[in-house]
Amino acid sequence: MKKYLFNIPVLIFLLILQLTIPIFFPSLKLIPDFILIYVVIRAIIFGAQDAMVYGAIGGLLQDVFITSFIGLFTPVKTAVTFLAALLSGRFFPENLLIPPLGVFLATIVHELLYLLLKDNYLFAANYLTLIKELILPLAALNALITFFVYLIYFFWERRDLSGQT
Amino acid sequence: MLLFISFIYFTEIDLPLFNWLSDILYNLISPIINILHQLIEGIKDFFITLFSIDEVNQELKNLRQKNSVLERQILFLENINRENKRLRELLDFKDKVDYQMIGAEVIANSPSIWEKTITVNRGSRDGLEPRMPVITYQGYLVGRVENVGSNSAQIRLIIDHNFVVGGIVARTDSREIGLVKGSGRGDRPNIMDSIAWDADIKAGDVVLTSGLSNNFPPGLKIGEVAEVETDNYGLSQKADINLFMHQITLEEVMIIKNFNSEITAQNNQAENEAEINVAEESETNDGNSESEAN
Numbered sequence: 001m002k003k004y005l006f007n008i009p010v011l012i013f014l015l016i017l018q019l020t021i022p023i024f025f026p027s028l029k030l031i032p033d034f035i036l037i038y039v040v041i042r043a044i045i046f047g048a049q050d051a052m053v054y055g056a057i058g059g060l061l062q063d064v065f066i067t068s069f070i071g072l073f074t075p076v077k078t079a080v081t082f083l084a085a086l087l088s089g090r091f092f093p094e095n096l097l098i099p100p101l102g103v104f105l106a107t108i109v110h111e112l113l114y115l116l117l118k119d120n121y122l123f124a125a126n127y128l129t130l131i132k133e134l135i136l137p138l139a140a141l142n143a144l145i146t147f148f149v150y151l152i153y154f155f156w157e158r159r160d161l162s163g164q165t
Numbered sequence: 166m167l168l169f170i171s172f173i174y175f176t177e178i179d180l181p182l183f184n185w186l187s188d189i190l191y192n193l194i195s196p197i198i199n200i201l202h203q204l205i206e207g208i209k210d211f212f213i214t215l216f217s218i219d220e221v222n223q224e225l226k227n228l229r230q231k232n233s234v235l236e237r238q239i240l241f242l243e244n245i246n247r248e249n250k251r252l253r254e255l256l257d258f259k260d261k262v263d264y265q266m267i268g269a270e271v272i273a274n275s276p277s278i279w280e281k282t283i284t285v286n287r288g289s290r291d292g293l294e295p296r297m298p299v300i301t302y303q304g305y306l307v308g309r310v311e312n313v314g315s316n317s318a319q320i321r322l323i324i325d326h327n328f329v330v331g332g333i334v335a336r337t338d339s340r341e342i343g344l345v346k347g348s349g350r351g352d353r354p355n356i357m358d359s360i361a362w363d364a365d366i367k368a369g370d371v372v373l374t375s376g377l378s379n380n381f382p383p384g385l386k387i388g389e390v391a392e393v394e395t396d397n398y399g400l401s402q403k404a405d406i407n408l409f410m411h412q413i414t415l416e417e418v419m420i421i422k423n424f425n426s427e428i429t430a431q432n433n434q435a436e437n438e439a440e441i442n443v444a445e446e447s448e449t450n451d452g453n454s455e456s457e458a459n
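Protein chains in written order, with the working numbering: chain A, 1 to 165; chain B, 166 to 459.
Honestly, the hints are just simulated from the structure, not real lab data.
Glycine included, each C-beta is placed from N, C-alpha and C at the ideal position.
Hints are not guaranteed to be accurate.
To be verified - With a Cα cut of at most 30 Å, we get these calculated DSS-like pairs of lysine-lysine:
| hint | chain 1 | residue 1 | chain 2 | residue 2 |
| --- | --- | --- | --- | --- |
| 1 | B | Lys403 | B | Lys367 |
| 2 | A | Lys3 | A | Lys118 |
| 3 | B | Lys403 | A | Lys118 |
| 4 | B | Lys226 | A | Lys29 |
| 5 | B | Lys422 | B | Lys250 |
| 6 | B | Lys403 | B | Lys386 |
| 7 | B | Lys403 | B | Lys250 |
| 8 | B | Lys209 | B | Lys226 |
| 9 | A | Lys132 | B | Lys403 |
| 10 | B | Lys209 | B | Lys231 |
| 11 | A | Lys29 | B | Lys386 |
| 12 | B | Lys226 | B | Lys250 |
| 13 | A | Lys29 | B | Lys209 |
| 14 | A | Lys132 | A | Lys29 |
| 15 | A | Lys132 | A | Lys118 |
Said to hold, decoys possible - For each label pair, taking beta carbons as the anchor points, the in silico distance ranges come out as:
| hint | chain 1 | residue 1 | chain 2 | residue 2 | range |
| --- | --- | --- | --- | --- | --- |
| 16 | B | Asn380 | A | Leu112 | 17 to 23 Å |
| 17 | B | Pro295 | A | Leu112 | 28 to 34 Å |
| 18 | B | Glu243 | A | Leu144 | 55 to 61 Å |
Generate the whole structure from the sequences, applying the supplied hints.
As structure tokens, then:
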């Protein structure tokens, strides 16, 4: 229960950040998906069961600000966190490039799944252009942010292990 | 869990509990965004004022001068307005525009790159309802109200892939109509399609809302035709529309609460009938003059 009390406000904070950044920086063309970054990092570190719950909650929060309570983001984010959790326990924490790579791939899968399940995009979208101009740059941006976030997390954990407070 | 969520989404079951939870979440989060927005705007304004105090003083001087000029103009215009009203009453003219509008600040953007929505700081408490048209202060069409919370509302933008509005070319010798559809991207023009194959439409034409669907009042500015090409193997035409909305940064919008399409339609009909009567009268006069000449 305690971890939910911490993580749900974090997700709400990330959603607010995601919603308000373009208002203060209107010239930005891509806005990172902070919720996706957070749930994928959790999936890679803590495994599927934990991350899928937060994937679903993060998706629900995003859906509330688009259409309805359970929209497309809820199943898509839950599925992506499940896939990302396959990486869990399969790499050394010292390998700082695995989480960014995981987020990079997760972003591509997330956006493609969303497009394929969205009826007005399914047959109308030019997938190659969208991948080239939107999905890949967004995946790269998310991966870059993940690198720094994971770096901070990694050294924070190391500090705890070394007995410092 | 994944299967359950997918089942709920794809079967589109409308459970009151979910709607209730959705409203609670939305109404809990949007005030936080609103407060945060006001706070950051306040800080930003403070620093802008602090670092440009000389410019602010100069602007204040200029504005005071302008104000005195405008006050004189207002007095003059008030006289003209009174005269205009009196003449309208004499001629039994009805006001053409009957909009009830409310201003709103944009407080949040879309959480997805595929959905083009914004959130504004007005909601059901201010009388907002879904499907109300939204425009900029310059009168450019922005979108329509999608969901309404108690203190905030979501606006689906004209650039959204799901957005469709009837458009009409605003040229004296061409009133061609078509459907303006969102491209789904902010950096791409909208598409106006379903234009007749022989329609007189060219680059540079201004496109307005046609008002045929009754969802939007007629005459709102949408954009300018950038390029026209044939569509459906020559059976129709389509045009790229550069939106006027892109010329400004979307910080504040106006929501049209009641554009009273019936009154506008009645006015249009009355004007058309008047025009027909005038035309008939002139034809009769012409006929009489011709017969007199014979």
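TODO: Would you pick out the hints that fail for this structure and give their numbers low to high?
DONE: Numbers 2, 4, 7, 12 and 16, in rising order.
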